[in-house]
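Same order as they appear, the protein sequences are chains A and B.
Anchor point for the first sequence: position 254 equals 253 in numbering that gives the first Met the number 0, and the numbering is continuous, going up by one each time.
Anchor point for the second sequence: position 74 equals 73 in numbering that gives the first Met the number 0, and the numbering is continuous, going up by one each time.
FYI, nobody ran anything at the bench for these hints, they're computed from the structure.
Straight-line Cα separation of at most 20 Å, DMTMM-like style, residue types lysine to aspartate or glutamate; simulated pairs:
no., chain 1, residue 1, chain 2, residue 2
1, A, 21, B, 89
2, A, 21, B, 21
3, A, 114, A, 232
4, B, 22, A, 16
Quick list of simulated restraints, FRET-style, between CB atoms:
no., chain 1, residue 1, chain 2, residue 2, range
5, A, 246, B, 121, 55 to 65 Å
6, A, 18, B, 105, 33 to 43 Å
7, A, 25, B, 64, 24 to 34 Å
8, A, 53, B, 121, 55 to 65 Å
9, B, 5, A, 103, 45 to 55 Å
10, B, 105, A, 16, 26 to 36 Å
11, B, 7, A, 169, 18 to 28 Å
12, B, 52, A, 18, 49 to 59 Å
13, A, 16, B, 7, 21 to 31 Å
14, A, 232, B, 81, 44 to 54 Å
15, A, 18, B, 80, 11 to 21 Å
16, A, 259, B, 9, 44 to 54 Å
17, B, 12, A, 173, 25 to 35 Å
18, B, 108, A, 16, 31 to 41 Å
Every residue, glycine too, gets a C-beta built ideally from N, C-alpha and C.
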Amino acid sequence: MSIHKTNPEDYNQNVSDVNHVKEVFLLVGSIFFIALALYWSSIFFLDSIVDRLTPEREAQIMGMIGTSKIFSITKNENAKEDNDRLIKAKNILDDLVTYSDLKHRNFTIKVIPGKDVNAFAVPGDTILLVEELLNKVETENELAMVLGHELGHFHFRHHLKGMGRRLVMGFFSMMIFGDDNPLSNLFLGGLDYSDRKYNQKQESDCDLYGAELVFKRYAHLGGGLKFFERLGEKEGFLHKYFSTHPLSEDRIKRIEKYALEKNWPLTGESIPLGLQKDSAEDSL
Amino acid sequence: MLQIAVVITLLIVGYGFGTYLEKRHYESIRRREKKLSNRPAINMRKLPLEGKEIKTSSLAVGSTVVSVDYFKRFLAGLRMIFGGRMSSYESLLDRARREALLRMKENVKDADLYINVRIETSSISKGSNEKSVGSIEAVAYSTAIKFKEAS
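With the rest of the complex left out, here is chain B:
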């Protein structure tokens, strides 16, 4: 009975804190995405704009590590038995990707355009113990371009 009580307590705590932190993170992501929306990031390898001269180009990198709460990991554990859409991890990956992209943009702040954007994800401490799953790292990198001012 004590074991059940401990698990239920952890689930409640995990759900409460996890939901609050995720909500706060999404608010931050949306606010910053809006702020940086005038600096597009695209995955084309060559500059798609004609008639523009490049002033500088540099590598822009952004990475983040995000973890899920106990409740979501518990739910993912259940999903691993039955299969189906692992909805509890969707927001984890979504947050990580978007946060990495934002950090990439923030890495080179005065760029006009980010080309050849790549996003990679990897799980942290990937091992045989399934407890290690639940934290992921997302890395976004691109070439940041600054155009010459039109004369």
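Next up, chain A with everything else stripped away, as it sits in the complex:
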């Protein structure tokens, strides 16, 4: 018996000759396709449930969850609740609520410090106004448009839908990748990006809802859109406000188009914010 010595060759049958980069793109693409399909079907299902919730059930759910645990921002100790502007804003809000389908709800406004022109509708019937927004609004009509927009989020229950989306996202991420996996970050980032269009539609719906409340309260939309016009002019400075919002120019066009369809006047007297408190009381 003899031993045949074999010389090693460059060819290696134990290692597949595949393009790994191509494989990664193929697999990541497949994952995103499947995940998006699952995600959107879950969102559709969740949204249809949220739309069918009675106000009592909604209050019950929010009570169970305990909103302060989720939105620590509402606990901000710098919130200036006794500010004059806050009282004025609250008066405008209360006025608008009487024209809405949210009359049974007791809304709270809080002012939070910050340099962004922004406002949030958060669970617990609370609207957070960033201080800079109050510095930028000039008339009651402008502030009413912003507050009407935020009431739109409560009307369409976007806060509940948003929470549902995040729960679904977290669930899928955990199920597919487990906790603390780099793939999970990619997955969540991708879904966040895909949400942008959806958010923009939500914002547009709220714009129209807010415009309707403003019309019902003031009988015209005059002055209300000027705030958006100013935001549009300073898009760079106020970019963050619009990160999930449509372009201000598009928002104005959509509101104007809707107003024309409804025969709502686009011009009318604007009420300076300084006189807002008195005029609001007069109107009541």
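Once you've looked at the hints, dock chain B against the given chain A.
Just chain B now, with coordinates in the frame of chain A:
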């Protein structure tokens, strides 16, 4: 977005360094395999050669630990979802086995033949956390035989 950027950066770095190091390792493996090819290693338990007298026999052991790069681990993570051939780990195991065999031969340098060769592999820090998977140890051991010079 920042998280995505971090992952993509790690993937690029992992792919770049991983490919370079693997290429270099394979070059080293091929060069040494060629050099040691006149000293065969076989897995038979008994000496297959007749008419040869054994001068010395000793245990030869070689072991190595090899890890995959971030890119390959990422690809393996994707494969674990869909199944199929985990090609990104094939080269990891191949390199480890061949390196262990080479070290085994280098362990007893003047042997003529290595019989009863066994190769074992084990993953390092095998645990519940899937991050620990990706490094393996390969151990190769055999009986190194030196024949008496033919008179």
